[in-house]
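There are 4 protein chains.
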Amino acid sequence: MIVILKQNHDRQKLEEFRRWLEAQSLMIHESVGMHSTILGLVGDTSRVDESLIEALDIVEAVRRVSEPYKMANRKFHPLDTVADIGGAAVGGGHFAVMAGPCSVESHDQLCCVAEAVKAAGANILRGGAFKPRTSPYAFQGMRESGIELLLEARRVTGLPIVTEIMDLQHLDSFADVDLIQVGARNMQNFELLKELGHSRKPVLLKRGLSSTIQEWLMSAEYIMAGGNENVILCERGIRTFETATRNTLDVSAIPVIKELSHLPVIIDPSHATGVARYVKPLALAAAAAGADGLMIEVHNDPAKAMCDGPQSLTPAQFSDMMGSVSAILGAREQAL
Amino acid sequence: MIVILKQNHDRQKLEEFRRWLEAQSLMIHESVGMHSTILGLVGDTSRVDESLIEALDIVEAVRRVSEPYKMANRKFHPLDTVADIGGAAVGGGHFAVMAGPCSVESHDQLCCVAEAVKAAGANILRGGAFKPRTSPYAFQGMRESGIELLLEARRVTGLPIVTEIMDLQHLDSFADVDLIQVGARNMQNFELLKELGHSRKPVLLKRGLSSTIQEWLMSAEYIMAGGNENVILCERGIRTFETATRNTLDVSAIPVIKELSHLPVIIDPSHATGVARYVKPLALAAAAAGADGLMIEVHNDPAKAMCDGPQSLTPAQFSDMMGSVSAILGAREQAL
Amino acid sequence: MIVILKQNHDRQKLEEFRRWLEAQSLMIHESVGMHSTILGLVGDTSRVDESLIEALDIVEAVRRVSEPYKMANRKFHPLDTVADIGGAAVGGGHFAVMAGPCSVESHDQLCCVAEAVKAAGANILRGGAFKPRTSPYAFQGMRESGIELLLEARRVTGLPIVTEIMDLQHLDSFADVDLIQVGARNMQNFELLKELGHSRKPVLLKRGLSSTIQEWLMSAEYIMAGGNENVILCERGIRTFETATRNTLDVSAIPVIKELSHLPVIIDPSHATGVARYVKPLALAAAAAGADGLMIEVHNDPAKAMCDGPQSLTPAQFSDMMGSVSAILGAREQAL
Amino acid sequence: MIVILKQNHDRQKLEEFRRWLEAQSLMIHESVGMHSTILGLVGDTSRVDESLIEALDIVEAVRRVSEPYKMANRKFHPLDTVADIGGAAVGGGHFAVMAGPCSVESHDQLCCVAEAVKAAGANILRGGAFKPRTSPYAFQGMRESGIELLLEARRVTGLPIVTEIMDLQHLDSFADVDLIQVGARNMQNFELLKELGHSRKPVLLKRGLSSTIQEWLMSAEYIMAGGNENVILCERGIRTFETATRNTLDVSAIPVIKELSHLPVIIDPSHATGVARYVKPLALAAAAAGADGLMIEVHNDPAKAMCDGPQSLTPAQFSDMMGSVSAILGAREQAL
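Protein chains in written order, with numbering that gives the first Met the number 0: chain A, 0 to 335; chain B, 0 to 335; chain C, 0 to 335; chain D, 0 to 335.
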């Protein structure tokens, strides 16, 4: 961390500040120039609150050199994390495909889709039971009974399941779920993150619509700081000025996360675009760029889906996409 | 709502769709052109889910004509809502100033600041007890005991209090709070919004960092649909590419909200800029543009604040700002 | 185009408006509802100026149904355009790789890089002669003499060349250039676009940092409306709130452009990320998603580049990338 | 400027780098920590190209401490610049109002509007002769003959005139114009900026839609580096995700520019919102926040304007707005 002091700062206040820093086991290197004085702080700065320093009278600006996260940081954990989701490995070379309907609607709908995605090669079943909807008048999901149907579909197909939690008070309903999803709108629901940190249940952490990669890793750090290291990151599009797609898929997040962190990162092209016919090209892009997996919405009858129909693939489209994804993954393995 | 059909659509599917629409009491006007057919849907479309229609085979696009919110819509409630916050009126010509420290830190700090902001003309005391922090290693607030201190400060000064809720499970601690704040990161925490809708406690709903004005009003609608009409909106900066300020204050939101909705809208220039010396000019801008109030961070010793010190005003700076705000409000009243 | 009229509009003004529309050969379908009246305009609306209609007293809003561009529109030109760049085909299944240094610096530098990229499989040589730089104090390019060096490198290697034009007054210097690049900052330099439309020289049109896909296609339309149909689009990252990469590559633009337009679209991962080590994964993503080519910065000694060194590949890195790109293209061809 | 070196960097390369820096008259302070080494560079770093340093093998990151602009920097020119626009002062306490039609359409239209805005208190006449339009099929302005009409209107009313230049080749037509406007789309048309720097004609530099404040000041620096210090900045809205207004007015830019630079800054609420009924509240906000002036579109018959009608005020609305602006400016003067 670097602290740039104001010109003509009070020497006594600087002395107080130096003592405060030294009390936190930080070493200080001072560079005195004609127009400015710079302090270089060396040591563990991840627990130093920049805003406290920025507020000091004598300080002009603060620049962080090292990342503010530790548990999620590849510098301290060079090896890839491999998450175990009910028997399915994710990360470290294991490519996972999570597929299923946006919303769980009925036993028949769910099992039909689950069998289809399994046949096409998916290894984790997704399905929404609690649904975050922009409008209070839209379908809000089957809630607890949706989770029952997911558990039943797991018994039938053997696929582990992932589904979204919207509030801490529902946590008990997720006791048998294999992978708990924290949605984009809850990425900074810190009370929820802390509680999930006390569990050992794997967590799929979606990136917030306007969250930087650093904020996203800080939210992973919240979960990991509680002791739960089973975190999978999921990029699902960020909000930009472009309106041709619902969001803008930040495909660069894949190599950036791979460099900064050891956690697996998967891509959700369904929510990123909101348009079924763009899902396949973006799934291929994600596979080629080195993602650890995909999350794809599939519906037996998209035109009758109770939610997000326009972005759902039919089972036939999904199967076609899986063939192409396999080819890309094969080429990637050979070529790298 | 307008539905644009694909060229060469299946006539039988169109008939099914027409019947489905008519079952929802919508009237249909059809315009047949050479390259496209357009359906105009007339009636109460606020409960129609666009995405269901967009997913149909025969549909190319859907355009909404009327707003998807009703309770928050000025068309159906032409008169300004005036909220009563423990005796302080907000909206409909009543300008409110909510001021106080970012975080409650101690009895002495809080009462000192509360007396100072009251003397300068604030009529509601703000203070954070539960604090949403990006880093798990940063100060997380005094939590329940912070609320105790706020209630004590209310007894001493007579100022009603506003403080942020972060999770439903803490709701009981807010029983005596005058105005419950929903923070920007929780603007789409729908379970929280629904529960607050069942209460009659006034709610201050901050705009999400990347939320459109329409999404913000839909979140207000969540609260109001539950029966709670005491909602105050608070613009606190949106996320853009500009880095000179922490966020970008969307001052246009004031006239836009005034047109679309009857709810009061206030401005928080402290969080919008993150820089104390920009707070006063933006507070004046907000007052001039027609905001119903301000939310301002004030700290007796910003350099020692445990949170957000760089954006806090001293009591003296706040008092100076209040003088200028009054002058602007006076000029506005005279001139309009 | 759909026009939503205000409630209680003046019937006489509506009649005037209908006559004005009919004079433009548009047919009008009227849908009268309880709360609003909707006009559906049918015919060639690409030349209708929305803002003229929006300004009318009687109009509440205007929604465009069909695209405002025609020459660039796939609806009217279903077949892929294949551009011929000095013998190299781009589009319609022909994948082009344009590579070379950010700036032309010297004969030796340019020829060294040109030979290297040719050996690795590039088929067009890029190099900046006129350089748009944020700072007036930074290196501004070799200008006319840079173009001389590019022409010399073409003689030596046989590779056609692409280089950026910054101002109309330099047009004569581009007489022998194979492909004229219009940079992101000039995407809406309409006088330049019009003049290039009067030429028959192929144009590489980069997307503006904050331009929507529709605006980008409208800029292509400017060139094509002048008679020049040899336009290649190049996505090079858009500006968002994320700072981990210089810009955010909008990989979704590939399938969106493929659907809306018949023009070739290539990707520039060097400018999109600004970081050499992210170039390869994004190049692979682009190839997998269906791009028609790549533009890549390569420098024999990036650490000594006079411009944009941090994002340049070495010839060895470029050659490695090309091997992987070929593998992905092969897999894509097989699998689709 | 601060340079963070990679761990285990090559000592010999570091020595070379130190010598290169010293050759540029920079002093170097080294801070050696356990995990990183930091170099503080002291001296005139405005001409140092960060990207050259970032590209070095031994460098992990570069952080700029001082601003990269000098001529536009308040640190080196503490006093406000006051521009003289044909007799009208702008900046340093002189509030300017530039008003007139978006496009010059005819002698009668222009003179009618010019007389009206003069009567209401405007002191500079605006009007577009060369018009940048997104569509090649939209009205492109009266061009040279539009400038003739502006000069005529100046003779009639005595108001100095401001109008936009779109290309260097038209520069001769601007010989008698009082203030040359560089539009948002041309903010980084560096060849145009350089040429305007060689003139002594005042320049109104609009902010680009996605330009940071620093980039905007760097574009002012381009003009000033050529010797022309008569630059006025104009904020006209930036591009964000919000669609309720055409752009988002960045009102914070006013205090930020006032702190960083000595140049006058004015606000254009017409283009910022695109909606006539939002112009007045934003004009008042701008005046209250300390802007040096306004640019407002006024049309005698907005419904018949050939361009941007929806955002134009009528003369009566403009006159009403001016009354309120005066009241706000009066209150501001008294209170500050």
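It is worth saying that the hints were derived from the structure and are not from the lab.
Given the structure is predicted, the values throughout are model-derived calculations rather than measurements.
Treat the hints with care, since some could be wrong.
[What the hints assert, rightly or not] Only pairs whose alpha carbons sit at most 30 Å apart, straight line, appear in this in silico DSSO-like list of lysine-lysine: (1) A:K5 - D:K69; (2) C:K74 - C:K193; (3) B:K5 - C:K200; (4) B:K12 - C:K74; (5) B:K5 - C:K193; (6) C:K69 - C:K200; (7) A:K69 - A:K193; (8) A:K193 - A:K74; (9) C:K200 - D:K193.
Evaluation of the provided hints:
no.	hint	in the structure
1	A:K5 - D:K69	holds, 19 Å
2	C:K74 - C:K193	holds, 23 Å
3	B:K5 - C:K200	violated, 37 Å
4	B:K12 - C:K74	holds, 24 Å
5	B:K5 - C:K193	violated, 34 Å
6	C:K69 - C:K200	holds, 21 Å
7	A:K69 - A:K193	holds, 16 Å
8	A:K193 - A:K74	holds, 23 Å
9	C:K200 - D:K193	holds, 27 Å
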